[in-house]
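Residue numbers (our numbering), protein chains in the order written: chain A, 1 to 194; chain B, 195 to 683.
Keep in mind that the hints were calculated from the coordinates and are not lab data. For every residue, glycine included, the Cβ atom is placed at its ideal position computed from N, Cα and C. Any given hint might turn out to be false.
Said to hold, decoys possible - From the structure, some residues in chain B lie toward chain A, with a derived Cβ separation under 10 Å: (1) V202; (2) T216; (3) G227; (4) R233; (5) P495; (6) K503; (7) V522.
Claimed, not checked - The calculated lysine to any residue pairs, modelled on SDA-like cross-linking and capped at a C-alpha distance of 20 Å, are: (8) A:K13 with B:G209; (9) A:K13 with B:V201; (10) A:K15 with B:G209; (11) A:K13 with B:G215.
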Amino acid sequence: MRKVLQSLTPPPKWKVPVIISLGILIGFGLLIFRISNASSYLSDNPNACINCHVMTTQFASWQRSSHAKVATCNDCHVPHTNIIATYMFKASDGMRHATMFTFRMEPQVIQIKEAGSNVVQGNCLRCHGDQVHQTYLTKSINLEERDDGVGKYCWDCHRETPHGRVKSLSAYPHARVPQLEPVLPEWLEKFNSE
Amino acid sequence: MRSIREVVSEKPWVGWLLFLGTLVIVFFIGLLGASIVERRAETQYLFKASEEIKPFEPRNEVWGEVFPRQWETYEHTLDTSFATKYGGNATIDMLERYPNLVILWAGYAFAKGYNQGRGHLHAIEDVRNTLRTGSPQPATCWTCKSTDVPRMMNEIGVSDFYKAGWADMGPQIANSIGCADCHDPKTMNLTIFRPALVEAFNRQGKDIKAFSHQEMRSLVCAQCHVEYYFKGKDEKYLTFPWDDGISVESMEEYYDDVEHVDFVHHLSKTPVLKAQHPDWELSQFGIHAERGVTCADCHMPYRSEGGVKFTNHQIVSPLKYISSACQVCHRQDEETLLKNVYDRQDKIRQLTETAEGILVKAHIEAKTAWDNGATEDQMKEVMTLIRHAQWRWDFVAASHGASFHAPIESARILGTSIQKSEEARGKLAAILTTLSVKLPVQMPDLSTKEKAQNYLGFDMVEFSKQKEKFKEEEVPQWEKQTEEREKQL
Numbered sequence: 001m002r003k004v005l006q007s008l009t010p011p012p013k014w015k016v017p018v019i020i021s022l023g024i025l026i027g028f029g030l031l032i033f034r035i036s037n038a039s040s041y042l043s044d045n046p047n048a049c050i051n052c053h054v055m056t057t058q059f060a061s062w063q064r065s066s067h068a069k070v071a072t073c074n075d076c077h078v079p080h081t082n083i084i085a086t087y088m089f090k091a092s093d094g095m096r097h098a099t100m101f102t103f104r105m106e107p108q109v110i111q112i113k114e115a116g117s118n119v120v121q122g123n124c125l126r127c128h129g130d131q132v133h134q135t136y137l138t139k140s141i142n143l144e145e146r147d148d149g150v151g152k153y154c155w156d157c158h159r160e161t162p163h164g165r166v167k168s169l170s171a172y173p174h175a176r177v178p179q180l181e182p183v184l185p186e187w188l189e190k191f192n193s194e
Numbered sequence: 195m196r197s198i199r200e201v202v203s204e205k206p207w208v209g210w211l212l213f214l215g216t217l218v219i220v221f222f223i224g225l226l227g228a229s230i231v232e233r234r235a236e237t238q239y240l241f242k243a244s245e246e247i248k249p250f251e252p253r254n255e256v257w258g259e260v261f262p263r264q265w266e267t268y269e270h271t272l273d274t275s276f277a278t279k280y281g282g283n284a285t286i287d288m289l290e291r292y293p294n295l296v297i298l299w300a301g302y303a304f305a306k307g308y309n310q311g312r313g314h315l316h317a318i319e320d321v322r323n324t325l326r327t328g329s330p331q332p333a334t335c336w337t338c339k340s341t342d343v344p345r346m347m348n349e350i351g352v353s354d355f356y357k358a359g360w361a362d363m364g365p366q367i368a369n370s371i372g373c374a375d376c377h378d379p380k381t382m383n384l385t386i387f388r389p390a391l392v393e394a395f396n397r398q399g400k401d402i403k404a405f406s407h408q409e410m411r412s413l414v415c416a417q418c419h420v421e422y423y424f425k426g427k428d429e430k431y432l433t434f435p436w437d438d439g440i441s442v443e444s445m446e447e448y449y450d451d452v453e454h455v456d457f458v459h460h461l462s463k464t465p466v467l468k469a470q471h472p473d474w475e476l477s478q479f480g481i482h483a484e485r486g487v488t489c490a491d492c493h494m495p496y497r498s499e500g501g502v503k504f505t506n507h508q509i510v511s512p513l514k515y516i517s518s519a520c521q522v523c524h525r526q527d528e529e530t531l532l533k534n535v536y537d538r539q540d541k542i543r544q545l546t547e548t549a550e551g552i553l554v555k556a557h558i559e560a561k562t563a564w565d566n567g568a569t570e571d572q573m574k575e576v577m578t579l580i581r582h583a584q585w586r587w588d589f590v591a592a593s594h595g596a597s598f599h600a601p602i603e604s605a606r607i608l609g610t611s612i613q614k615s616e617e618a619r620g621k622l623a624a625i626l627t628t629l630s631v632k633l634p635v636q637m638p639d640l641s642t643k644e645k646a647q648n649y650l651g652f653d654m655v656e657f658s659k660q661k662e663k664f665k666e667e668e669v670p671q672w673e674k675q676t677e678e679r680e681k682q683l
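Kindly generate the complete structure, drawing on both the sequences and the hints.
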């Protein structure tokens with residue numbers, strides 16, 4: 001360890017600039033962590049899913065559904081088979097969303113993808129398995145099987161659950177949803193606005 | 195492993211490389227940070243109007259400064275590059291595409307020129323340029339073309355506005371349809387600025403103020419995209435014929451009762467009704483309207499730009515944005531949805547052309563009957579049938595998007611049109627036989643617009659010359675007066 005550190009130490013006349021630029025780098029990193037609300041993504045709080053407002057309608061339709069009482073976004077949209085699967089899925093989905101948002105590539109109509117569908121189907125059964133275990137419906141299916149007519153996703157019949165049938169920008173035109181907390185602490189915000 | 199210190203002291207450029215590398219990384223992290231800050235802020239400033247807009251402000255650019263997203267998308271109504279199979283925003287010479295129209299409108303300015311309408315911001319330019327304007331017309335013709343209309347109505351009064359001459363109002367009417375036609379300048383609420391719609395609803399016992407926001411998203415369009423006529427020989431009072439209802443039969447009955455005639459047909463001498471554009475009325479018979487979908491839902495779909503959601507103000511055929519217009523409710527792919535639209539349009543088009551072909555024959559056969567000495571008495575029933583058949587055909591043909599808005603109602607109306615034309619032709623055949631005219635009546639060659647216009651004896655060169663003169667002499671004066679007037683605003 002020490003050897004590695006030593007081999008990375010810059011020559012004496014470079015030390016000061018290196019310290020300053022490293023400081024800037026880490027400072028920026030912290031700033032971005034703060035303003036992007038990064039820590040919220042580790043939680044299960046649905047508010048994290050509308051940090052960027054793109055999924056406001058999805059949030060609003062969930063919030064007004066019966067599932068809002070018992071399940072958060074992550075309960076359905078993230079696998080819960082094991083902790084590694086959970087965080088791998090969260091990370092890969094999160095990175096894709098962040099990239100799309102940063103480069104303004106988000107589509108006008110948000111539709112669930114294959115990986116997401118399979119996860120949701122698994123999660124339906126995670127809670128409701130007992131209710132359907134005596135029927136052939138207990139089988140966890142994937143998109144290919146469903147398209148081949150082998151089985152159905154739960155929401156192929158339960159079409160309104162939980163987001164309603166129109167899951168789009170048109171569904172909740174003026175929904176009130178939680179807004180982002182300010183980046184600055186309250187006292188500084190006050191000072192700033194004066 | 196050698197330490198960086200040693201490497202750099204041997205090769206100083208490695209040090210500079212590291213420095214530049216860090217610089218680039220910090221630069222991009224900074225950019226990311228700035229973008230996050232910016233995107234966090236965009237939702238905060240969405241509804242904070244920066245300036246106040248004065249009542250009756252006609253200039254769209256002034257509103258645009260306060261509502262940049264709405265204005266930017268509205269400016270796209272200037273686009274003329276999008277053509278669908280039957281419509282879109284590109285100019286289409288309808289007479290060239292469907293030469294039968296020239297015959298059907300013989301005796302009316304539409305036979306001179308009729309183009310597929312362009313976007314809202316072209317309104318003033320297109321009305322000045324069409325061959326249909328220039329002759330003595332009332333200012334009523336301006337009613338739906340400009341944000342200056344509510345301003346002038348407020349200044350001189352509604353009935354005096356209608357009574358004025360079209361050319362007299364020329365210098366006043368300068369800003370194409372826009373913000374002030376649908377929005378209250380203070381609250382931005384959807385508001386009705388055209389008296390005709392309010393009056394029509396009042397006569398039906400409905401209160402325009404009682405409608406919900408969702409309904410208003412169609413009704414602001416219904417200020418103009420409806421069937422109308424100018425009531426009174428001198429008053430020229432813009433009126434919607436809805437007293438008995440908004441179906442094609444109710445309006446036909448209304449027009450028959452008030453004995454309204456748009457023009458007397460040159461060939462058949464029928465007192466013809468010209469349908470305007472009953473877009474709103476016909477759409478009300480469609481499944482979308484029945485389910486509460488409004489004009490704006492498809493023609494001005496919501497749009498998300500990152501954290502900001504707003505209404506796309508580029509009013510255009512929804513086929514331009516199939517995704518945001520259709521897929522918000524229908525999860526089929528774009529190709530399927532497009533096919534669903536075209537299937538309906540193709541079929542209604544087929545019926546429309548059938549109706550047109552038979553009507554043309556009826557007009558020409560009626561002309562032959564007159565030429566061979568038919569009497570008013572003999573022709574009375576025939577003319578009523580032709581009047582109703584043409585009204586019903588035109589009702590569908592003139593209604594933009596009817597074939598998709600309400601395909602079943604459109605097909606029903608066209609069916610009755612065809613039936614009435616054929617009934618008229620049956621009677622004509624009997625009349626022609628008594629006049630000992632040889633059947634079938636010889637039909638002229640109407641395969642192109644020119645041939646059809648020649649058949650009617652039009653001097654199109656003369657029409658165009660008059661128009662050019664008007665554009666060169668009168669329009670620049672209007673523009674000069676407008677400029678001076680608006681300087682003082």
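Hints and how they fare:
1. V202: holds (5 Å)
2. T216: This interface hint holds because 5 Å falls under the 10 Å limit.
3. G227: holds (5 Å)
4. R233: holds (7 Å)
5. P495: P495 of chain B check passes; min Cβ-Cβ to chain A is 7 Å, inside 10 Å.
6. K503: holds (6 Å)
7. V522: holds (4 Å)
8. A:K13 with B:G209: holds (11 Å)
9. A:K13 with B:V201: Judged against 20 Å, a Cα distance of about 14 Å means the pair holds.
10. A:K15 with B:G209: holds (11 Å)
11. A:K13 with B:G215: holds (18 Å)
In the structure shown, no violation is registered for any of the earlier numbered hints.
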